[in-house]
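In order, the protein sequences belong to chains A and B.
The first sequence begins at 1 in my numbering and counts up one residue at a time.
The second sequence begins at 1001 in my numbering and counts up one residue at a time.
These are calculated hints, taken from the structure and not from any lab test.
Among the clues, some could well be false.
Stated by the list, open to error - If you want the ones that stay clear, here's a sample from chain B, every Cβ over 10 Å from chain A, calculated:
# : residue
1 : Ala1036
2 : Gly1037
3 : Val1088
4 : His1112
5 : His1140
6 : Leu1182
7 : Gly1204
8 : Thr1323
What the hints assert, rightly or not - Cross-link-like lysine to aspartate or glutamate pairs, in silico, DMTMM-like; alpha carbons within 25 Å at most:
#  : chain 1 : residue 1 : chain 2 : residue 2
9  : B       : Lys1076   : A       : Asp120
10 : A       : Lys76     : B       : Asp1026
11 : A       : Lys76     : B       : Glu1003
12 : A       : Lys76     : A       : Glu52
Just so it is clear, CB atoms sit at the ideal spot from N, CA and C, and this is done for glycine as well.
There are 2 protein chains.
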Amino acid sequence: MSEWRMDVLTGRWVVIAAERGGRPFDFKVEREETRAGPCPLCPGYERETPPEIAAYRAPGTAPDTPGWRVRVVPNKFPAVRGCGCAVVAAYGVHRAMPGIGAHEMVIETPEHVRGLEDLDPEQAVDTLRMWQERCLALRHPSWVEYIQVFKNVGRAAGASLEHTHSQIMALPFVPREVAAELAAVRAPEGCRLCAVVRHELAEGSRVVVAGRHVVVFAPFASRFPFELWAVPLAHEGDFARANRAVLEEMASALRGALGRLARVLERPPYNLVLHTGPVNRAAGDFHWHLELLPRLTVPAGFEFGTGYYVNPLPPEAAARYLTDDNSR
Amino acid sequence: MSEWRMDVLTGRWVVIAAERGGRPFDFKVEREETRAGPCPLCPGYERETPPEIAAYRAPGTAPDTPGWRVRVVPNKFPAVRGCGCAVVAAYGVHRAMPGIGAHEMVIETPEHVRGLEDLDPEQAVDTLRMWQERCLALRHPSWVEYIQVFKNVGRAAGASLEHTHSQIMALPFVPREVAAELAAVRAPEGCRLCAVVRHELAEGSRVVVAGRHVVVFAPFASRFPFELWAVPLAHEGDFARANRAVLEEMASALRGALGRLARVLERPPYNLVLHTGPVNRAAGDFHWHLELLPRLTVPAGFEFGTGYYVNPLPPEAAARYLTDDNSR
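Construct the entire structure; sequences and hints are all you get.
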């Protein structure tokens, strides 16, 4: 018997249809062989990207030359760009505004590897530190309401470049997914994500990594097989202000969870999405976290029609596969 | 320069990033060759499906034997099934209920063809008539709040079976996409979809098919390249009560639009989604329509993080390609 489950942060319903799915090898993943580098994101090819915005690089090395560990450049084909007033204009019944925003690319390592799971520990922490730095730098224009950090790995997850990188967009409004969560973290009975974290740690069946500062679990109303959330235990609204200890443990927890996913599922395509507090609100108003969405199923007519999801794998089973001794 | 556009029905923002896309041949479609039948949905293989629920068939032919033109069976791997009370139970902070609902499959023709565009005119009308019949039959249990009709064509659009078919699900709540639209069709200034239809017909640049009862246009805030909406001109809430003239023109308009898409894009994968009024509301409260979503781009981290979309093709360009004389 399947079960309807509600995500208490967004009100989104998901049907966990266990009869449709089953074991990890039932999820066909089209394997992508990593091509050998070098590619336009590799050292020595810095001229292939727009000029760099920021980098962690060896002392004495010049911008747009080798010597960097993490490098940030404008997206070569930006979805949004430029500053301006976020003034909505009417075209008859329609509403529009100029495509203002920023769209940057964070190249996470000089090595031509595929995902966050391939980074060494320090490199992963540096990536998260760079996300923080760019979140702080991008929030200054008055029209910036939200900074969206995300990562696409694998063609089925929308990646067009193989060399591991993440993307950061500054947006002139608070996205509707975040707006829905805002109400839940401000619920009269207290932050619902705090309550979920307490529940998961006490119950245990969906927990994949439990640390001192961070927990990784398969959410009760997972949209996708092997969906994982990585959440700081402390109620912190602003990812950009997270301290070094939390950041280090988050990097390690993400690498651990992605490593387990890679072993159980043979390196699936995935999206990784940061949810953090809107720019122009009190930091205590949110509870930042990362959502990891393996792309093993295809959202189709049901998902686009309703906004809800069919997930063939119960999150309890996903957590069991990922914490099985053989996958450690 | 790209442009932010808002869908006035849902408040969803889309960035039309024309610099990223371009001409139809820029959208790589993985061609899928149609295999020769027969398959489990072909005549003579009726035993491969669960027993039929309804069919249009030749006089004197028995259920679950050849002789049918349109055939409805339960989905062999239903996401939801069975009746019950839609009572939400609490598991600590979490909320869930049994996976009640119905999940049926409409086999649209005995011929082993791929999409609605391959049906002859009468067969297409019969398919829509069968959707109406099942929408009426499925709405009776008191827990049914919504009937979702949808269609997945091609592997990239989530189809696991090739033989053209649609799916119908009875749901114990109103989906959030429909709930968002409900507010817009009841706006104090009048139905916003009626206003959009008037605007599109007057403005013309996004219209693909303009008929006496139905208009097909590329929506102003299209999420996907070549997204099309097929909307009855009259404000009608309940698809299941649409009259024969509207239904015939809708079938013809869909076949026409899909035929043009197939020519311009070499038969892309697509989802087709019906939006109709919730079951337990006054019919006048909605404006039913169909949304056709070609799957040429992959929703990725930005889309899942924000609930918004990046679309590299302006809908005005999509309409131009589809109405170019060469594609008629």
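Taking the hints in turn, this is what the structure says about them:
no.: 1; hint: Ala1036; in the structure: holds, 23 Å
no.: 2; hint: Gly1037; in the structure: holds, 23 Å
no.: 3; hint: Val1088; in the structure: violated, 7 Å
no.: 4; hint: His1112; in the structure: holds, 21 Å
no.: 5; hint: His1140; in the structure: holds, 20 Å
no.: 6; hint: Leu1182; in the structure: holds, 13 Å
no.: 7; hint: Gly1204; in the structure: holds, 12 Å
no.: 8; hint: Thr1323; in the structure: holds, 20 Å
no.: 9; hint: B:Lys1076 with A:Asp120; in the structure: violated, 46 Å
no.: 10; hint: A:Lys76 with B:Asp1026; in the structure: holds, 17 Å
no.: 11; hint: A:Lys76 with B:Glu1003; in the structure: holds, 17 Å
no.: 12; hint: A:Lys76 with A:Glu52; in the structure: holds, 11 Å
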